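S.K.: Single-letter residue listing:
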Amino acid sequence: MPVTSKIEIKNASITKDSLSRLLKKICKERILIAPVRNDDLDDVNFLPVTNPAQICCDYDNTTTSPKEFFFPQYECMFTFSGTSHESIEAGDDSEEIVLFGLRACDVKAIELLDKFYERNFEDNYYLSKRQKSVIISVACPDLNDQCFCTATETGPLLQDGFDIQLLSSVNAYAVQIGSEKGLQLFEQYQYLFGPPLELDINKLLAQAKKQKAKFNLQKVYENLKQQNVDEDLWEDIGARCQSCGLCLFLCPTCSCYSVKDQKTPPGENRRSRQWDACYFSSITRMAGGNNPIRTNAEMIKRKYQHKLVQQIDEFGTSGCVGCGRCNLACVGNVNWLDNIIKIERAT
Amino acid sequence: MNLQYIPTTCPYCGAGCGFYLKVKDGELAGVAPSKTHPVSQGRLCVKGATAWESVIGADRIKEPLIKKNGKFTKAGWDETLDLVAEKFSKIKENYGPDSLGVWGSARCTNELNYLAQKLARAVFGTNNVDHCARTCHSPTVAGLVRSFGSGAMTNSIDEVKDAACIFAIGSNTPEAHPLIGWRVRTAKDKGAKLIVCDPRKIDTAKYADIHIQHYPGTDIALLNCLMNVIISEGLEDKQYIKTRTEGFEELKKVVAKYTPKYTAPIVGVDADLMVKAARLYAKTKPASTLYTLGITEHTVGTENVMSVANLAMLTGNVGVESGGVNPLRGQNNVQGACDMAALPNFYVGYQKVDNPAIQEKFEKAWAVKLSPKPGLTTTDQVIQAKEGKIKGLYIIGEDPLTSDPNITEVRESLEKLEFLVVHEIYMSPTAEMADVVLPGASFAEKTGSFTNSERRIQLINKAIEPIGNSRPDWQIVCDVATRMGYPFKYPGTAEVMDEIASLAPIYGGISHDRCRKVGLQWPCLDKNHPGTKYLHKGKFTRGLGKFHGIEHRPPAEVPDDEYPFILSTGRMRFHYNVGTMSRRTHLLDREFPFMFVEVSENDGQKLGIRDMDDCQVSTRRGQLKVKARVSDRVKEGVMWMPFHYVEAPANLLTNDAFCPIARTGEYKACAARLEKVS
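Just so you know, the sequences run in chain order A and B.
Counted the way my numbering counts, the first sequence spans residues 1 to 347.
Counted the way my numbering counts, the second sequence spans residues 1 to 678.
Worth flagging that the hints you see were computed from the coordinates, not collected in a lab.
Quick caveat: nothing in here was measured; it's all calculated off a predicted structure.
With a straight-line cut-off of 20 Å between C-alpha atoms, the simulated EDC-like cross-links for lysine to aspartate or glutamate are:
1. B/K416 x B/E432
2. B/K190 x A/D338
3. A/K263 x B/D59
4. B/K24 x A/D93
5. B/K188 x A/D236
6. A/K28 x A/E95
7. B/K517 x A/D42
8. B/K206 x A/D232
9. B/K533 x B/D162
Ranges between beta-carbon positions, derived for each pair:
10. A/R119 x B/R411: 50 to 60 Å
11. A/Q262 x B/K361: 47 to 57 Å
12. B/K676 x A/E95: 54 to 64 Å
13. B/E246 x A/D142: 56 to 66 Å
14. A/K260 x B/Q623: 25 to 35 Å
15. A/N228 x B/D209: 23 to 33 Å
16. B/K533 x A/R345: 39 to 49 Å
17. B/D25 x A/N124: 15 to 25 Å
18. A/A287 x B/V646: 18 to 28 Å
19. B/V368 x A/R30: 51 to 61 Å
20. B/E562 x A/A287: 29 to 39 Å
21. A/D93 x B/K533: 44 to 54 Å
22. A/D93 x B/V646: 33 to 43 Å
Even for Gly, the Cβ is constructed at its ideal location relative to N, Cα and C.
Given these sequences and hints, build the entire structure.
M.R.: Next comes the structure, spelled out in structure tokens:
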């Protein structure tokens with residue numbers, strides 16, 4: 001079963017009051033995940049809420065990415081006891097969830113993860129959670145100084161790939177429904193929605209596109225593919241990288257994981273998986289100690305190639321969605337955006 | 001689905017990053033950074049980013065254990081606590097209070113450490129209380145108190161990024177304190193000058209303006225030489241020396257001998273490079289000095305610290321923003337454990353035990369007679385255990401059988417004890433020797449506070465229930481005290497902190513409520529005090545800063561024909577101390593799963609040893625078979641080993657020679673031999 005089926009976009013509207021009522025209803029019937037500001041520290045992150053009053057509306061984007069609701073940092077795959085088995089059923093703890101407040105970049109990131117986890121073999125740990133989810137995204141009012149979705153063509157408004165997209169207007173949101181799952185949710189609560197606003201979405205899209213892209217993705221792609229980038233750049237980033245993996249843990253499209261078996265006495269064993277990162281040398285190191293990625297510079301170069309060439313070749317969309325989370329996560333002051341601009345200017 | 005983000009403080013190094021523990025359906029499920037935390041600012045190191053996994057190993061100690069006929073058997077809490085109280089009471093009765101000792105822990109909270117020292121002083125009746133700062137930064141406390149009057153990092157972590165010059169000596173900042181390493185990188189990116197003094201070509205050395213690769217154990221000679229150049233060229237801050245310090249003439253007299261030409265062969269560094277470094281340092285202000293255990297873990301550790309202080313005062317860099325002398329504390333709460341007086345000579349807040357007025361104050365507060373006699377350090381407790389004078393030890397969250405120098409000797413000492421209680425989260429070689437093992441709850445399972453390197457008191461919050469039948473350590477200490485006839489009654493850790501605030505003037509304004517968001521930096525004298533960003537502004541804590549003229553002395557053991565190398569030990573990015581937590585973290589242990597020794601290319605070639613060859617490292621105390629890592633990282637004639645591997649403990653080799661003032665072991669330099677194993 002595909003995680004989502006696109007439909008021809010349907011337009012509607014919802015007032016801010018009705019949206020609040022909608023979210024209250026959803027809270028009662030399903031699990032609602034929305035941006036929440038922490039009381040002690042000020043970070044905004046996606047968390048389950050039981051009351052729409054907990055939702056934070058004043059945020060650029062969240063500190064962590066919403067990928068963790070489909071691909072958790074740590075997940076038990078199954079448990080077993082004894083030493084011999086013909087087969088073990090995969091665990092499935094997925095629940096009906098509605099994610100509210102995602103930005104366009106994160107929706108695009110999930111779309112890319114969908115493609116990744118459906119290719120070659122179907123990863124049911126991921127797909128089962130995706131199938132039971134509906135996403136209500138909210139278009140960004142503006143770019144901040146670290147994000148760059150207009151360059152990666154992943155926002156701030158989406159043309160497709162969303163379940164339900166909200167666009168803020170004066171006292172209401174323009175609503176677009178773009179998938180079967182979105183339509184089902186819309187139909188269930190149709191009485192809360194109004195007719196389409198007199199808001200020319202095509203005009204908004206055109207305006208969004210006009211926002212200055214911080215780089216030309218095609219040029220970046222070509223320079224990387226044709227190896228036009230001076231090796232010094234990779235050497236410099238490689239020397240700065242401290243292999244903490246945090247930028248990749250924050251990245252909404254990074255999908256590497258490591259599997260671990262652990263004895264959990266008495267008598268039970270657990271297979272789990274957790275986020276992994278290609279900035280650890282042990283991810284490519286072979287049993288004898290040889291490593292095909294010999295230097296930090298090669299490791300870094302491969303990451304840029306993967307996100308900005310390979311994934312474009314394979315999926316037709318950029319592996320970087322321009323959310324900017326990694327830019328301010330580095331103890332070596334590696335700024336992904338600055339480096340992409342350097343790559344763009346290599347020729 | 002019940003996913004929560006619980007804000008807390010990282011349990012690893014002394015930087016004190018803030019992060020969220022992810023808790024899913026009651027179990028730890030990850031870590032998320034915090035963009036607003038003053039130390040971490042959206043960043044974390046690899047240990048912080050994986051810290052959630054460190055405490056949920058399947059082999060956590062889940063029940064109290066009592067050794068019967070040489071084997072541990074699970075026991076109930078009542079039975080175990082009764083036994084502990086009875087045994088300690090009996091030893092006290094038979095041999096006197098000073099036959100007992102308590103080891104607090106730099107890994108545990110302020111509240112635990114306060115209660116542990118109160119247990120020793122008010123219940124056991126002895127000042128024999130200390131903790132693992134003895135193996136790291138005790139020379140800092142001893143040295144900086146002598147020079148400045150206060151033994152803590154003078155400035156704040158975030159000030160480092162705005163320094164014009166950074167002078168880092170004996171500090172592998174990016175690996176041991178990655179979030180302070182970030183500030184060094186940021187300062188450099190902003191145009192600061194960077195001088196790194198380290199026997200190894202560590203990451204900061206690679207991008208430094210000057211890297212001085214001196215021999216381990218020659219820091220005083222090097223620092224004296226830099227001061228010699230500064231004074232002979234008239235680059236010292238004369239006004240500052242005149243108005244803020246004393247003892248300059250004594251210093252001047254001693255360093256006169258340490259000309260670059262005289263010093264070069266001692267330190268193994270080109271004379272011109274030292275001249276260049278001295279000029280760059282003296283002319284670029286403010287200069288922030290960073291140091292860690294490369295300075296302290298020597299028989300001259302305290303004097304090393306005072307020499308660092310000399311250099312900073314000579315150039316007027318103490319008491320200024322983005323300057324200062326900044327010992328980077330190695331453990332999450334080593335600053336706090338010192339503040340809380342898990343030290344044999346102080347009450348909480350550095351109030352001396354042999355000061356009668358202070359003694360009276362604490363006797364009144366605790367309603368008990370107290371001993372005026374300073375107690376024994378952990379080093380001396382071990383030595384006296386061997387001599388049969390220490391009979392019972394209560395060790396909290398420490399593994400001296402992996403972390404102390406010359407562990408063969410330590411084992412012999414601990415074997416002599418009548419009763420050993422170890423309070424741990426996982427079994428360790430020391431816990432294996434115990435008569436009773438008490439299962440403590442980890443940082444994720446309790447509340448309390450840690451004080452980071454910049455004196456910032458920050459909270460940890462309970463994210464999950466204690467694993468198995470483990471209990472928060474502060475409660476265990478309360479139970480032992482109560483069963484020994486002195487009830488410790490606290491509703492929670494916040495009330496313990498209230499008692500601390502009432503007794504320690506530097507913590508006077510601290511409460512859990514005030515520390516909830518981003519903590520407070522001591523001195524914080526009252527409830528309205530905003531805390532203190534940097535120390536010694538306008539005036540040193542002791543009045544005038546004091547210069548000390550200090551002569552170079554070589555390490556206790558120097559290379560000879562039989563043991564021709566200098567062996568040094570230390571920490572690396574992917575592991576932490578004795579590995580209890582990092583070795584149980586999948587991604588960390590996968591990255592560096594085995595012990596090794598770093599050797600220079602020239603030495604490797606001479607001995608026919610190639611990278612990844614099996615080899616044997618020997619000292620007068622033992623030998624280890626390990627892999628050789630041959631590179632240009634370490635200086636010729638020097639070898640370096642991490643100490644994170646319990647199966648191949650570097651401290652089997654290190655020298656149990658101690659700083660006579662601070663009693664810290666000489667982990668950083670001993671004589672060793674390297675051989676290829678075929």
